[in-house]
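Working from the sequences, and respecting the hints, build out all of it.
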Amino acid sequence: MSTQLIQVDIVIPTHTKYLELIGNIGEQLVNKLDGYDGDKEALAYHLNLVLTEATANAIKHAPDQSQGTDTIRISICIDDNQLNIKVFDHGQGFDLEAVPLPDFDQPKESGMGLFLIKKLMDSVCYTKTPQHNVLEICKTL
Amino acid sequence: MNITIEKRDGISLLNIGEERIDAHNSQQLKEFLLQQLEQGDKQLVVQLEKVRFMDSSGLGALLVGHKNALLKSGDLKLANMQPQVLSMFELTRLNRVFEIYANADEALAAAQ
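Protein sequence lines, in the order shown, are assigned to chains A and B.
The first sequence: position 29 = 138 (the numbering used here), numbered continuously.
The second sequence: position 56 = 1078 (the numbering used here), numbered continuously.
Take the hints with a grain of salt, since some may be wrong.
[As the list claims (entries may be wrong)] Here are the simulated BS3-like cross-link-like pairs (lysine-lysine), alpha carbons at most 25 Å apart as the crow flies: (1) A:217 <-> B:1064; (2) A:126 <-> B:1052; (3) A:169 <-> B:1052; (4) A:217 <-> B:1089; (5) A:195 <-> A:227; (6) A:149 <-> B:1072; (7) B:1089 <-> B:1072; (8) A:248 <-> A:195; (9) A:217 <-> B:1094; (10) A:217 <-> B:1052; (11) B:1072 <-> A:126.
[Stated by the list, open to error] What follows is a set of in silico ranges between Cβ atoms, one per label pair, in the way DEER data are often shown: (12) A:144 <-> B:1074: 24 to 32 Å; (13) A:190 <-> B:1074: 25 to 33 Å; (14) B:1026 <-> A:214: 29 to 37 Å; (15) B:1061 <-> A:143: 47 to 55 Å; (16) A:133 <-> B:1105: 18 to 26 Å; (17) B:1024 <-> A:213: 25 to 33 Å; (18) B:1027 <-> A:144: 44 to 52 Å; (19) B:1061 <-> A:214: 29 to 37 Å; (20) B:1127 <-> A:213: 27 to 35 Å; (21) A:210 <-> B:1089: 37 to 45 Å; (22) B:1056 <-> A:144: 43 to 51 Å; (23) A:143 <-> B:1093: 50 to 58 Å; (24) B:1093 <-> A:144: 46 to 54 Å.
Hints in this document: simulated from the structure, not taken from any laboratory.
Note that beta-carbon positions come from the ideal geometry of N, C-alpha and C, so glycine has one too.
Written out as structure tokens, the structure reads:
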């Protein structure tokens, strides 16, 4: 199996009304994949979810989320069977390693988003630089 | 948020009319559930047939409704879940927390 290069870069204001757009782009990308012989329906849902969770997380940590004047850049690249997602934000950032696993015996309202991303993808890392923060998510297709 | 309510034998059947529940509308779902409980509707069955996508904030909203129903000696059951949405409950093990039924009739029978 071999996938052709697809790259999509999107910049959106920090507002949750754009989550559906971002998630749907992920689903549509999977539907256009040639040469993927796995469960396309499941992959489309997972990509929708991962993009939604990662973008919602960036919006949550944005410096002025109520105003929606800041922007988030989302880059999705599929090449040589590798899916790579980068979400760039300008917020204060967070420590990925310090995010605890959900308590499955006493579940809470929040704190499941990053767990789902980690569960569905192969690797997740978060880098802070003076210019921006980057959440990078990878998966072999 | 598009939600309709049907009363059957003292149980409120909530039909969620949205295809997608994410961080943009999950707060509305949570507030709606809490409002129903506050108004005295303690037995809720949430029908999710039309919901084809739910993120962690949607799961969280239902969880808050479930916990608050229990606090009021009530109950919140789920029914008609799409397979991909059900898989989110399984991944987060919330399928062990909620009572999930194949359809509304089964949920209503269990609630009697």
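Hints and how they fare:
1. As the CA atoms of residue 217 of chain A and residue 1064 of chain B are separated by approximately 21 Å, the hinted pair is consistent with the 25 Å bound.
2. For the proposed pair residue 126 of chain A and residue 1052 of chain B, the alpha carbon gap of about 17 Å is at most 25 Å, so the pair holds.
3. Distance hint between residue 169 of chain A and residue 1052 of chain B is fulfilled; the C-alpha atoms sit about 18 Å from each other, no more than 25 Å.
4. Taking the CA atoms of residue 217 of chain A and residue 1089 of chain B, the gap is near 10 Å; set against the 25 Å cutoff, the hint holds.
5. For the hint linking residue 195 of chain A to residue 227 of chain A, the alpha-carbon distance of about 14 Å falls within 25 Å, and the restraint holds.
6. Our distance criterion of 25 Å between C-alpha atoms is met by residue 149 of chain A and residue 1072 of chain B, whose separation comes to about 21 Å.
7. Among the hinted pairs, residue 1089 of chain B with residue 1072 of chain B is consistent with the structure: their alpha-carbon atoms are about 24 Å apart, no more than 25 Å.
8. The suggested pairing of residue 248 of chain A with residue 195 of chain A holds, with an alpha-carbon distance near 12 Å, which does not exceed 25 Å.
9. Among the hinted pairs, residue 217 of chain A with residue 1094 of chain B is consistent with the structure: their alpha-carbon atoms are about 18 Å apart, no more than 25 Å.
10. For a cut-off of 25 Å, the pair hint linking residue 217 of chain A to residue 1052 of chain B stands: about 14 Å separates their Cα positions.
11. Restraint check for residue 1072 of chain B and residue 126 of chain A: satisfied, since their Cα atoms lie roughly 20 Å apart, inside the 25 Å limit.
12. Taking the beta carbon of each, residue 144 of chain A and residue 1074 of chain B are about 26 Å apart, inside 24 to 32 Å as hinted.
13. Take residue 190 of chain A and residue 1074 of chain B: their Cβ atoms lie about 27 Å apart, and the range 25 to 33 Å holds.
14. A hinted range of 29 to 37 Å holds for the C-beta pair residue 1026 of chain B and residue 214 of chain A, which are about 34 Å apart.
15. Under the hint 47 to 55 Å, the C-beta atoms of residue 1061 of chain B and residue 143 of chain A, about 53 Å apart, fit the expected range.
16. In this structure, residue 133 of chain A and residue 1105 of chain B meet the distance hint of 18 to 26 Å, their C-beta atoms being roughly 19 Å apart.
17. As the Cβ distance of residue 1024 of chain B to residue 213 of chain A is approximately 31 Å, the hint placing it in 25 to 33 Å holds.
18. Range check, residue 1027 of chain B to residue 144 of chain A: about 47 Å between beta-carbon atoms, so the 44 to 52 Å window is met.
19. For residue 1061 of chain B and residue 214 of chain A, the Cβ-Cβ distance of about 31 Å falls inside the hinted range of 29 to 37 Å, so the restraint holds.
20. Judged by the Cβ atoms, the range 27 to 35 Å given for residue 1127 of chain B and residue 213 of chain A holds: they are separated by roughly 30 Å.
21. Taking the beta carbon of each, residue 210 of chain A and residue 1089 of chain B are about 20 Å apart, not inside 37 to 45 Å as hinted.
22. Between residue 1056 of chain B and residue 144 of chain A the CB atoms are about 48 Å apart, so this pair conforms to the stated range of 43 to 51 Å.
23. For the pair residue 143 of chain A and residue 1093 of chain B, the beta carbons lie near 52 Å from each other, so the given range of 50 to 58 Å is met.
24. The hint said 46 to 54 Å for the Cβ distance between residue 1093 of chain B and residue 144 of chain A, and at roughly 52 Å that hint holds.
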